[in-house]
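> Residue-level listing of the chains:
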Amino acid sequence: MPIFHRPSLACLSIALLAAASQPALSAPAAGQLLASQCAQCHGTNGAGPGFDSIAGKDDLYHELLEMKYRSHIEGIMDRQARGYTDYQLRLISDYLSAQSGGGGDD
Amino acid sequence: MNTINRRHFLKLIGAASTLAAVPRAVRAAVAPRVVVVGGGFGGATVAKYLRMWGGDVHVTLVDANPSHISCILSNLVVTGSLSMSRITLGFDSLRTNHGVNVMQGRAVAIDAHGNTLTVSTSTGNQVLPYDHLVLSPGIDFMPAAGKWDPTRTPHAWQAGAQTTLLKNQLSAMRGNETFVMTVPKAPYRCPPGPYERACVVADYLKRKGRAGAKVIVLDANPGITAEPEAFNQAFKVTHAGWIEYYPNATVQSVDSTTRSIVTSAKTVNKARVLNYIPDQKAGAIVTSMGLADDPTGRWARVDPLTYGTLAHPNIHVIGDSCAVPASVGKAVPKSGHMANSEAKVCADAIIRSFTGDAPDEDIATSSACFSPITNKKASWLSTNFIYGDIVDAAGNVIGKGMNRVDIGEAPADGVDGDSLEDMFTWAESIFSDSYI
Numbered sequence: 001m002p003i004f005h006r007p008s009l010a011c012l013s014i015a016l017l018a019a020a021s022q023p024a025l026s027a028p029a030a031g032q033l034l035a036s037q038c039a040q041c042h043g044t045n046g047a048g049p050g051f052d053s054i055a056g057k058d059d060l061y062h063e064l065l066e067m068k069y070r071s072h073i074e075g076i077m078d079r080q081a082r083g084y085t086d087y088q089l090r091l092i093s094d095y096l097s098a099q100s101g102g103g104g105d106d
Numbered sequence: 001m002n003t004i005n006r007r008h009f010l011k012l013i014g015a016a017s018t019l020a021a022v023p024r025a026v027r028a029a030v031a032p033r034v035v036v037v038g039g040g041f042g043g044a045t046v047a048k049y050l051r052m053w054g055g056d057v058h059v060t061l062v063d064a065n066p067s068h069i070s071c072i073l074s075n076l077v078v079t080g081s082l083s084m085s086r087i088t089l090g091f092d093s094l095r096t097n098h099g100v101n102v103m104q105g106r107a108v109a110i111d112a113h114g115n116t117l118t119v120s121t122s123t124g125n126q127v128l129p130y131d132h133l134v135l136s137p138g139i140d141f142m143p144a145a146g147k148w149d150p151t152r153t154p155h156a157w158q159a160g161a162q163t164t165l166l167k168n169q170l171s172a173m174r175g176n177e178t179f180v181m182t183v184p185k186a187p188y189r190c191p192p193g194p195y196e197r198a199c200v201v202a203d204y205l206k207r208k209g210r211a212g213a214k215v216i217v218l219d220a221n222p223g224i225t226a227e228p229e230a231f232n233q234a235f236k237v238t239h240a241g242w243i244e245y246y247p248n249a250t251v252q253s254v255d256s257t258t259r260s261i262v263t264s265a266k267t268v269n270k271a272r273v274l275n276y277i278p279d280q281k282a283g284a285i286v287t288s289m290g291l292a293d294d295p296t297g298r299w300a301r302v303d304p305l306t307y308g309t310l311a312h313p314n315i316h317v318i319g320d321s322c323a324v325p326a327s328v329g330k331a332v333p334k335s336g337h338m339a340n341s342e343a344k345v346c347a348d349a350i351i352r353s354f355t356g357d358a359p360d361e362d363i364a365t366s367s368a369c370f371s372p373i374t375n376k377k378a379s380w381l382s383t384n385f386i387y388g389d390i391v392d393a394a395g396n397v398i399g400k401g402m403n404r405v406d407i408g409e410a411p412a413d414g415v416d417g418d419s420l421e422d423m424f425t426w427a428e429s430i431f432s433d434s435y436i
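The listed protein sequences derive, respectively, from chains X and F. Heads up: the first sequence begins at 1 in our numbering, then just goes up one per residue. Heads up: the second sequence begins at 1 in our numbering, then just goes up one per residue.
If you are wondering where the hints come from, they were derived from the structure by calculation, not from laboratory data. One or more of the hints may lead you astray.
As the list claims (entries may be wrong) - Have a look at the derived ranges for each label pair, beta carbon to beta carbon:
id : chain 1 : residue 1 : chain 2 : residue 2 : range
1  : X       : L65       : F       : I398      : 28 to 36 Å
2  : F       : M84       : X       : S71       : 41 to 49 Å
3  : X       : A30       : F       : D416      : 36 to 44 Å
Every residue, glycine too, gets a C-beta built ideally from N, C-alpha and C.
Only chain F is shown next, with the shape it has when bound in the complex (with noise of 0.2 Å):
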């Protein structure tokens, strides 16, 4: 008996000295409360899982649109293979299933003293009361110099309205017309989506027959970012002729109106589609709020245990918009398996915390994804992080954070048939273990 009130003890000093939520919670005896921002795979997944792990935990979602589309499997929406409705997700089951209290509105502050946040909603602000606040918006765009618009030349990289556009604009292609993309410079959102698009692409053309169309891809990093067997052999064998790659393509002007593009390794005038990708940082109310704290300012550093913000331990930020320390070179991807996995993370230790245990220590992360070469065959990417010391270019011990395990593609002979369907079989799990 003594052991264990001695326990509780100085888990609650302990816990009392960086965490506002365990006395909250403590003083008002009620089920504590989760505040999450963002309904993409990050925000959901950590949704669910809070009130599956957590019991009485009462979890509000709140997201700006009424159900989430998702960016995976969104190039084969551009290409039309599949429909919008399939990549369409709804918030119901995370009702439903879970209890989940879902909120339609735009996350527009946070008190982080008060320990509130404020909702614009249809029917006026709303202010939320929160223990813990788990920030999942996802990316937002840099501006790009020149006259960017992205309603006359889409990005596509937030799947929805944006991908119809894409969508439309590429079936109105005929042969010789050129379907211009970039390619952000590192880090942006899904590693290997651009490269996966381009292939897509020029798939499309050449089964429609639009002879003579091709794909200018303009990358701003030295070399393809993720799979680079796989999209090499793409580009250079299986689509010979229909894509041109150019590294080293730092964007210097973007022009909406006559869909022109200016890049340090090359100049396109009046493309028949610009699909310029800006570069990217965390969602805006992540910026906003100043927590874009790494040295590039666009991402929110978090401790990796927890993705509690450094500045505020009890607002956490998953997904795209955080920053994981990780050994140099080897930096934790941003993808939607990847904020699944770190909601997982998340939630365990919100939880721990209620419970005045520690963070597990002993956890691990991952991402998994398959890309479509052409509408016949998939490539694949698989890359795990352990806890434990990071390291710099050099070797030496940095500190303590992610660290990057194994990383590997499809070889040669798995860019497949059967890979393309395990795409889907992927896709239909995770979408499921997110919102199902």
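Same shape as in the complex, but just chain X (with noise of 0.2 Å):
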């Protein structure tokens, strides 16, 4: 720590108007960016238009693991399911499940 007691006073003050600029800025959600490539077929937030509204929805982790590793392909999300880590899936289904449906997107 006590190298960073002593940055130039340059350097500190840029580090507090980065911290003075930065309330209407925040690091973005975890699994936002993720969920929002569902965005493209169900809608922003996956509020809809588009196919199943999955905003807000519960459990969306376990039916995308059957798409995923469903050996027979039916539909286009068994194939888009294979698109993501477990992962991936756990973080894409958290973040969805905590969007309210049929919403605006603001």
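Put the two chains together into one complex; each comes in its own frame, and the hints tell you how they fit.
This is the structure:
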């Protein structure tokens, strides 16, 4: 830590200004970016228009796993589910389950 | 507290050395500015998501036209099944729902060191300062040998007036006449698109009773580049007698006046309609600024985590114009869906640069689409990429990039009316996700 107690004054002021300018911007929520890849077919934040509304849906994770590991491809989602790791599918499901269904996207 | 300060300090130093944007935003302590060039699926999506996710980020979208006319579904405008208004996507919702500043004009120059974009507008040149610049200009065409004039022989590979021209030429066709089209050498915009066009044009001629009319497909590639099962079936069975397909047809010369074309596989003189779709390259703003730095000199190499160019990390290229590092033989396709997908990765990375966070590495991109085979059925195509090691033809790791983890088309029993309905659901959804 001591090393970082002594940044130059210029660096310190940059850091302070950065902190001051940050409240409007925060690091993205986990799963937000991955889940946005569903929106081309399910609407922004999964709230339509599009195929099945997935915003606010519980247990999407197990449904996605079933699609991913189904041996016989039945539909396009069986392919799309193969495009993510199980962990990514978990992040996507958790993010979407916290979204309100059918609402706006702001 | 010390930990936090240390973290900020390191991030600032790290960010400052690579991104001009961060120090500028920090110095000014005002909302960071992002300028987006091109209002297609990539540009509209990145503008919307920057505003939706980025809060105070100031976003200006620059497009030469007052609205975007979608290539998605445009083959159905060629056949008269859909109206032009159905594929015309306005920018109003980006303004009103998301607070994007929309400017009509043509991007003419970038000052990569001064971080400004010059836009030619109806009221003169405007100079827009930016912290990040996102270029999503779509495609431009390689010059053809011979006398090529797209106002006589439309490509209709950028939708709008070209689409109308091809539609009018098709509807004027009579029986025993020939519609000749080319498939560009890959990579080109929308891999299944040319084959889809051949199908819907053949279907149109058949439905309109134009007996003896033919669609001649001259493919510069060694075989059908997308959905080979569906299109082979369509060419050989569904549209048998209406479509002639020639692979390995490298275009040698084109004459738009006589509607004639010479290729290495087949020459056609005086076609009734010549739909020459040329080979492609990145949009003019990318090539003219020297950003098309891939080995072919046609596309802009980008960092797959940010879509930043290698020369200027705060100048990003998304969509058709970029060359994403990928495994050999597993290229990232150029499509509206993929442009939307890349736009989100780019928006997220730009916001992270403002918050001092490193780009997310746990990212995925995808493309999915539906292709009409007749006016009663469609096929589909799906492909997915995850960031990680990419490999050469022998399987040796050549670096990091977007590695294709899945690709597939509709099984034979999935080429049906349900998929045609799904096509309209998908289109409504991606139009909305990108523009509303």
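> Please go over all the hints and tell whether each is borne out by the structure.
Going down the list of hints, with the structure as the test:
For L65/X and I398/F, the Cβ-Cβ distance of about 31 Å falls inside the hinted range of 28 to 36 Å, so the restraint holds. At roughly 44 Å, the beta carbons of M84/F and S71/X sit within the given window of 41 to 49 Å. Look at A30/X against D416/F: about 38 Å separates their beta carbons, and that is inside 36 to 44 Å.
Taken one by one, the earlier hints all hold for this structure without exception.
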